[in-house]
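Asks: Which chain is which? The protein sequence lines are A and B, in order. The numbering used here numbers the first residue of the first sequence as 1 and each following residue consecutively. The numbering used here numbers the first residue of the second sequence as 1001 and each following residue consecutively.
Calculated from the structure, these hints are not laboratory results. Where is the CB? At the ideal position from N, CA and C, for every residue including glycine. Any given hint could turn out to be false.
Just the calculated beta-carbon pair ranges, DEER-fashion [stated by the list, open to error]:
(1) B:Gln-1009 with A:Thr-152: 44 to 50 Å
(2) A:Arg-30 with B:Gly-1025: 31 to 37 Å
(3) A:Thr-152 with B:Asp-1070: 50 to 56 Å
(4) A:Ile-83 with B:Arg-1030: 52 to 58 Å
(5) A:Gly-108 with B:Asp-1070: 43 to 49 Å
(6) B:Asp-1225 with A:Trp-295: 51 to 57 Å
(7) B:Asp-1070 with A:Thr-227: 24 to 30 Å
(8) B:Arg-1030 with A:Arg-49: 34 to 40 Å
(9) A:Gln-183 with B:Arg-1210: 53 to 59 Å
(10) B:Thr-1044 with A:Gln-275: 31 to 37 Å
(11) B:Gln-1009 with A:Gly-215: 53 to 59 Å
(12) A:Gln-183 with B:Pro-1198: 34 to 40 Å
(13) A:Asp-128 with B:Glu-1021: 32 to 38 Å
If you want the building blocks of each chain, they are given just below.
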Amino acid sequence: MCGIVGLFLKTPIYHEELGRLTAVMLHEMRERGPDSAGFAVYDQGDSERTRITVLVTDDSINRRQTADELEAELGAEVTLREIHDHAVFETTGDGRAARQWLIDNVTGIDVLSYGQQIELYKSVGDPDLVASRYDLASRRGTHAMAHTRMATESAVTTNGSHPFVTGADTCLVHNGSLSNHNQLRERLAQRGESFQTENDSEVAAGYLAWKLRTGDTIDGALTSALTDLDGFYTFAIGVKNGFAILRDPIACKPAVVAETDDWVAMSSEFRAIAQLPDVSHAEIFEPEPSRVYSWSLAS
Amino acid sequence: MTTSIDLSQATLRELNKRLHETEEGHFVVRNPRGAHAIAVGMTTPVTVDVEGSVGYFCAGMNMAGTVRVDGNAGTGLAENIMSGLVRITGNATMSAGATGHGGLVVIEGNAGARCGISMKGVDIVVGGSVGHMSAFMAQAGNLVVLGDADRDLGDSIYEAEVFVRGKVASLGSDCVEKEMTPPHLDTLSRLLEAAALPAGTMSAEPSDFRLYGSARELYNFHVDDVDAAAAAKGRP
């Protein structure tokens, strides 16, 4: 069992409150996943700059030195922000190349995300503590995804926590388990995707990243996923300026969606949605199996 | 006398303890906010009105009570209901009325996947449509659907009967359309009346429905046991 929440703001009126509302939703999903938690927050970003969020697993890593080495490698300025055991590198250079260089050359870190809009934080422990440690409640932005994990297939570790990002601004949270992820991971690796864990959900994120990188739309990628992914899943997916939901044909993993003129919220259970503003006027529905749901901001 | 309990103030345990200790009367539950296990395990003819949407297992194991929800319900609405009435004005998600032995469950909106899974005598009336694999392994009782049924309806069904007014996407293994006889129409009339669905789109004539049940080829059915099966359905 895991808990999923996603909140996508269709208008700017709650941009200042995105983090606070996401934290309220995450809190309600604690019981579904008390092992660990993570969240991704998207803001409007800067089309000239890529942010790379990393988790530092080895205390002896000097983040400033890593930023300097990355700057030399990219030939572009790299700035550093440190938040507990996470670091955010920001650069005008090539984000995908930066991610790959960090994975290949710096042991003792996991690269959690990269993109122009996304930052991502995750940790083991009580979801409320994870939210407060990385200051979810004060974050502003356009959309957010969060996850509470009850580990079943692999150990309780930070790098087994969701969300997963392997492609630019392409974020996935998953409730369920995939059964063909090993084969798919190999096929995707041959096509240039790189993975950092043995986790099945990271493969689903990598699959979408590959589809989007090679020119597919999110709707097209998710339609293909219905054929190519085998297993149980309810996914919430964040992309640049967009949000999507997909459930497998059996749909045994729960999902509920609420939508108003200002926001779309998705969660494993209604109680995560029950305290959102104006929820009494929301259209509330259960997403159907095998159907792609997506929303995007006019850009 | 009506007692109001506000779940933004009282705990769920306080609510359910109060319901279990009450012999009769009327309760109003405010601010349910999707909480799980509201009004579970009632054994007395108490009426509970819930003002808002509920989470999992609402009115589970209900015996004799009446639980009305003005909103939607999460997984396992009225799970294992023994008797009494459970009614919701909105939609229910997965496994509504699962394993129910008796009583009546009325869902005015749609029900999700596996509505009436393994039902054992409960009657379920759905004003809208039901999701895939509804009435899966259903043993006894009646499932009435005014809208459509998604794929694999009645898979591995035993002696429950399924009435559908709209389209059936597909029938599951060993589920077949059956002839609607006068006793079936009587059952249907009785259930539609008991369900007292709001007028308009939800008013339905028994003759508008089709009947589905077991082909009796998958499970070990013996004609010698037909009386036992009929007794389980509560009619000759």
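Asks: Each hint needs a verdict: does it hold in this structure or not?
Replies: Going through the hints against the structure:
1. B:Gln-1009 with A:Thr-152: 44 to 50 Å: violated, 36 Å
2. A:Arg-30 with B:Gly-1025: 31 to 37 Å: Given range 31 to 37 Å: holds, Cβ gap about 35 Å.
3. A:Thr-152 with B:Asp-1070: 50 to 56 Å: violated, 36 Å
4. A:Ile-83 with B:Arg-1030: 52 to 58 Å: violated, 40 Å
5. A:Gly-108 with B:Asp-1070: 43 to 49 Å: violated, 55 Å
6. B:Asp-1225 with A:Trp-295: 51 to 57 Å: Since the Cβ atoms of Asp-1225 of chain B and Trp-295 of chain A sit about 54 Å apart, the hinted range of 51 to 57 Å holds.
7. B:Asp-1070 with A:Thr-227: 24 to 30 Å: violated, 41 Å
8. B:Arg-1030 with A:Arg-49: 34 to 40 Å: violated, 49 Å
9. A:Gln-183 with B:Arg-1210: 53 to 59 Å: violated, 44 Å
10. B:Thr-1044 with A:Gln-275: 31 to 37 Å: holds, 32 Å
11. B:Gln-1009 with A:Gly-215: 53 to 59 Å: At 55 Å between Cβs, range holds.
12. A:Gln-183 with B:Pro-1198: 34 to 40 Å: violated, 52 Å
13. A:Asp-128 with B:Glu-1021: 32 to 38 Å: This hint holds: roughly 34 Å between Cβ atoms.
Checked against the numbered hints listed earlier, the structure breaks hints 1, 3, 4, 5, 7, 8, 9 and 12; every other hint is satisfied.
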